[in-house]
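Asker: Letter by letter, the chains look like this.
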Amino acid sequence: MEKMFKDETLNEITEAESLYATIEELYPICRSITGDGVRETLQILQQHIPLEIHELPTGTEVFDWTIPKEWNIKEAWIKNSNGEKLVDFRWSNLHVLNYSIPVDKVVGLKELKEHLYTLPDQPDLIPHKTSYYKEQWGFCLTHNQFMDLDEDNYHVFIDSTLKEGSMTHGELLIEGTTADEVLISTHICHPSLCNDNLSGISVAAHLAQYLLKKKELRYSYRFIFIPATIGSIAWLAQNEEKVDRIKHGLVLSCLGDRGDQMTYKKSRQGNAPIDKMVEQMLADSGQAYEIRDFIPYGYDERQFCSPAFDLPVGLLMRTPFGEFPEYHTSADNLDFVDADALAKSLSALKQIIYGIEYNRSYQNVNPKGEPNLGKRGLYKLTGGKTDVEISQMAILWVLNLSDGKHSLLDIARRANMPFQAIKQAADALEQANLLNRSA
Amino acid sequence: MEKMFKDETLNEITEAESLYATIEELYPICRSITGDGVRETLQILQQHIPLEIHELPTGTEVFDWTIPKEWNIKEAWIKNSNGEKLVDFRWSNLHVLNYSIPVDKVVGLKELKEHLYTLPDQPDLIPHKTSYYKEQWGFCLTHNQFMDLDEDNYHVFIDSTLKEGSMTHGELLIEGTTADEVLISTHICHPSLCNDNLSGISVAAHLAQYLLKKKELRYSYRFIFIPATIGSIAWLAQNEEKVDRIKHGLVLSCLGDRGDQMTYKKSRQGNAPIDKMVEQMLADSGQAYEIRDFIPYGYDERQFCSPAFDLPVGLLMRTPFGEFPEYHTSADNLDFVDADALAKSLSALKQIIYGIEYNRSYQNVNPKGEPNLGKRGLYKLTGGKTDVEISQMAILWVLNLSDGKHSLLDIARRANMPFQAIKQAADALEQANLLNRSA
Amino acid sequence: MEKMFKDETLNEITEAESLYATIEELYPICRSITGDGVRETLQILQQHIPLEIHELPTGTEVFDWTIPKEWNIKEAWIKNSNGEKLVDFRWSNLHVLNYSIPVDKVVGLKELKEHLYTLPDQPDLIPHKTSYYKEQWGFCLTHNQFMDLDEDNYHVFIDSTLKEGSMTHGELLIEGTTADEVLISTHICHPSLCNDNLSGISVAAHLAQYLLKKKELRYSYRFIFIPATIGSIAWLAQNEEKVDRIKHGLVLSCLGDRGDQMTYKKSRQGNAPIDKMVEQMLADSGQAYEIRDFIPYGYDERQFCSPAFDLPVGLLMRTPFGEFPEYHTSADNLDFVDADALAKSLSALKQIIYGIEYNRSYQNVNPKGEPNLGKRGLYKLTGGKTDVEISQMAILWVLNLSDGKHSLLDIARRANMPFQAIKQAADALEQANLLNRSA
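Note that the protein sequences, when read in sequence, are chains A, B and C.
Per this note's numbering, the very first residue in the first sequence carries number 3; after that it's consecutive.
Per this note's numbering, the very first residue in the second sequence carries number 3; after that it's consecutive.
Per this note's numbering, the very first residue in the third sequence carries number 3; after that it's consecutive.
In isolation and in its complexed conformation, chain A is listed as follows (with noise of 0.2 angstroms):
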């Protein structure tokens, strides 16, 4: 544990390898959309950012949904009639079909087979699947293994558990000055895939450690890690009442792979600050990014941007899930995700804070004309004090828009500048006393 995350003052490892550390922590945890798998998930992390855990009983009414049964899970084997196994749960957790029920009787090839789950086309790897919400057992396992299946006895063992319990969520509110808040929003419920999603609460957490050490943040920020669909559904369910205070919100997936761009999918709004705060930074980056339009398939975004809640959240990835071949198959494994990677999304989400927290509105205290710029030391050919990192253009572009009807951000967007340019403009002239915060 103690290498998991970054010690700023013993500086042992960097930013880079402890977001990988944590996914190598967290990688041999079965987890699923209930169970203890995500309790151990969010216990570990509670070690590091004070996360409170939530349960919610089974058989709660979610808006049209039911929390479902907890499902836990010990051993699952299949052996053959000489007694050896061929596939084992310790292996892999992926060998066994999420959610499946308890089983325990001999079968043969034909029956077997109809509970087996490959991938044809990718005849070395174990696929993900689930049964969340129809009961079955059943095991995953490599095409290649499944095409040396003989006819034979087969002994299939699963000691399972599906009941009465709770579904566990994790959830932590960094206050800020305002209660507006910044939704930060990421699933836990897969078992032994690195970049889907231990990278997105990897990415979640060092985010949450890096906030909590600001002295004063602007925006409340709420980071929930939660099971997929059904985590996102309760979670609005049981927080109608504190929903209007989401400003901006990003769902994080898949951000450690290696892939060389950054993704951003917009929020069904599509032109909410959020859309474009997020294209700004990521062009301000200088990294490559693509950003993509809303569309209602995806992760806990769909939720989020549902009819009645319409809500400014959108998916940041590096390559979007199911396009890259390593998706839901055993090849999602460390070998697959990247320190650097990880950082480089870190990094990016860092600089999309920034711009959420410095962007505002002001009012030019002189809207006649240009203020005298020389009298204050801030024109390039007069003053001697001027400082040469605040561009010229960036404060032209800052006065002429401070008009109350431009943030920063529209100045940046219309000036083609990058957003910190337009901020430090912002900085130097509000210190001069020519520009007043919009209230």
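If you are wondering where the hints come from, they were derived from the structure by calculation, not from laboratory data.
It should be emphasised that the depicted structure is a prediction, and the values quoted were computed from it without experimental measurement.
Don't take each hint at face value.
In this list, chains with the same sequence are indistinguishable; a pair is considered to hold if it fits within one copy or across any two.
[Said to hold, decoys possible] With a straight-line cut-off of 30 angstroms between C-alpha atoms, the simulated DSSO-like cross-links for lysine-lysine are:
#, residue 1, residue 2
1, K244, K370
2, K407, K244
3, K249, K407
4, K407, K278
5, K244, K377
6, K278, K244
Dock chains B and C against chain A, hints included.
Answerer: Just chains B and C now, with coordinates in the frame of chain A:
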């Protein structure tokens, strides 16, 4: 007459053959903006669809215009001094300047030439020329014939009448469950010219026949068969109080040529529902198509789109008028139009009507998060009853955008999916009580 | 002086020659933001247009600024220890740092160099440098001369004054039939530099002369000849109550170079009528042109477009300031500007004024259907009196869009036709009593 319309019971001829047969039957008749040729044309159509024939007397004021005298013609020819006929109305009714006053005299070559119309660039073709609003006599002939004319005494004879009478048009209202109307307008004033506009007449008549067989139509469909310009102006003047009922409209013309694409000219509004629907349905059809912006030159959409009416009426064609060399010449004949092209045009129209009929807005009954599709057999991975024809993405789009503000057409456009796929998803969701129709 | 302005009676010189002659006459004068050079310049212009000369005393507060001391200069030179003049204000008034304080002393090479300005990348040219708001002395010279300076005692002498006085500007209001104003602004603060901005001064003066001869103008035209920045700020401060009258405005600058296109920088509004009109008229002219978005850097449009005013004022140039290598150097001389280029710029301006004067909205008197053009001789195929200059399409467009919501400019843009063709169609329709002017 038996072969004119497709008899679906006996199925003796295809719809394509029937569309062509209508043109064949109407081709020999000499039509103009008034007169017995129009009446005969409408009476033939009456044998298949219950057209009402309306007469408006000469001299009636219609907005800035006046219904002209009625024109009829029996015979017309030019003979040389040997008594040989050089042109004869019986050979082609294009030989007479349409609306020519009567004449019976002998003239020299010089005077004759002042009354002759030819196409020097298409020397084998007879032009179609009219003189509705200036009283004069004249003949049209091929330029080759014209070049052969020698100094001689020519006997010119036109047995026509131009006198008080009436202007005739045909009208059919197919009543739907609402008083909201779809207007289908086509011009009937051209003599023996096939694409312009027996094609429009035939397609409109077949569309009417198709709709008459429908048990329940949402819209009322008003078909008007009118002379161009004066006909639509007169119709608007006589029906001013009905104009507000028109929610969508199409002018039909040039629908039988072998041009490889459909052309739609948008209404003056430019983004009326009909404009978006035609584009969507042409795109969905897989046929090539072109969308053009409104210009105030063309057919009767000019009048429907005049500023005081500004109706949502576009113009549907294959190759646009004036852009095929046969336009307004004797080459726009029975060889120029094609049964399959007519059938394709009618098919496109039916698709557009399908879109108009089924386009509505819905309210998602469970707008907070997604509804649980699995328990209703609407989720691909869990249910066993899912109709494979229903696209999962279409279901998600319809749910996500059914907030009362998006029609199915809006959803299809945003989802970039066929209208029909969206409509089928909406049907399935409505059946599952997940959607309500918006008021 | 006789040759300065074109005399249309005698027609002794062309307008192009006259435009150039004005520049030739004003070139030798040493101008700055204040002082006798400006007064002399304006007095010369007064001989041809009835300019009012205004003086604003040193120390007057104008918004955030204060009118500076007045600067005048008689003589300035550097001599080496042999008494040889190395630079002399008489050779080029660029040799003195504009607004230099007086000096008369002997300095060593090291101290001298602290007061010298050169262009190392353009070693043959003298730069134009100013120090309006910091009191210092200095000289400008070619970099070649600078490199030749040896260790020596140099006598530096500047016989200038910087003391209480006033800032001068010229103003001319040509009254039209309405109080709505078109503002034409050009800066007069540059010494012997031709394109920037004797070209703007000459073109503005000739435009004023042209408009003074017009019998009836719809708009009132206000010409202001002002020092850059402080001049426009002062004018706005002194005329704040008049600002609302300005419906359109242009800043004129750099209008005499041989660059092959006109450049228009849009107002801050971006889609003001002046922005659309300039684009339309430049397109119609057949000349090459470029339209640029507003940026808050440039000439006096910065002040007119400051947020509290946000006036519809753009900037018209040939090659933009800073984009020709001669900019702000001794190479921006009489050879650099061209009589034909000046004439083309003036011609473009006259076209823009034409558009501004004649752009209106009309109401179609017969908005229900098209009016009967034939009976009024306005339909090509029937009437005999149609003026062939009038485009039939233009007539149809004007009728179709004259609903009081579209100006002629809007119609020209939608029809993609020249403004003049649309205007001529409107004239013909108005004469035929088919259009009324909108209020």
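Asker: Evaluate each hint against the coordinates.
Answerer: How the hints compare with the structure:
no.: 1; hint: K244 x K370; result: between (42 angstroms within a copy, 14 angstroms between copies)
no.: 2; hint: K407 x K244; result: both (27 angstroms within a copy, 25 angstroms between copies)
no.: 3; hint: K249 x K407; result: both (18 angstroms within a copy, 23 angstroms between copies)
no.: 4; hint: K407 x K278; result: both (16 angstroms within a copy, 24 angstroms between copies)
no.: 5; hint: K244 x K377; result: between (49 angstroms within a copy, 29 angstroms between copies)
no.: 6; hint: K278 x K244; result: within (24 angstroms within a copy, 39 angstroms between copies)
In summary, the structure agrees with every hint in the numbered list given earlier.
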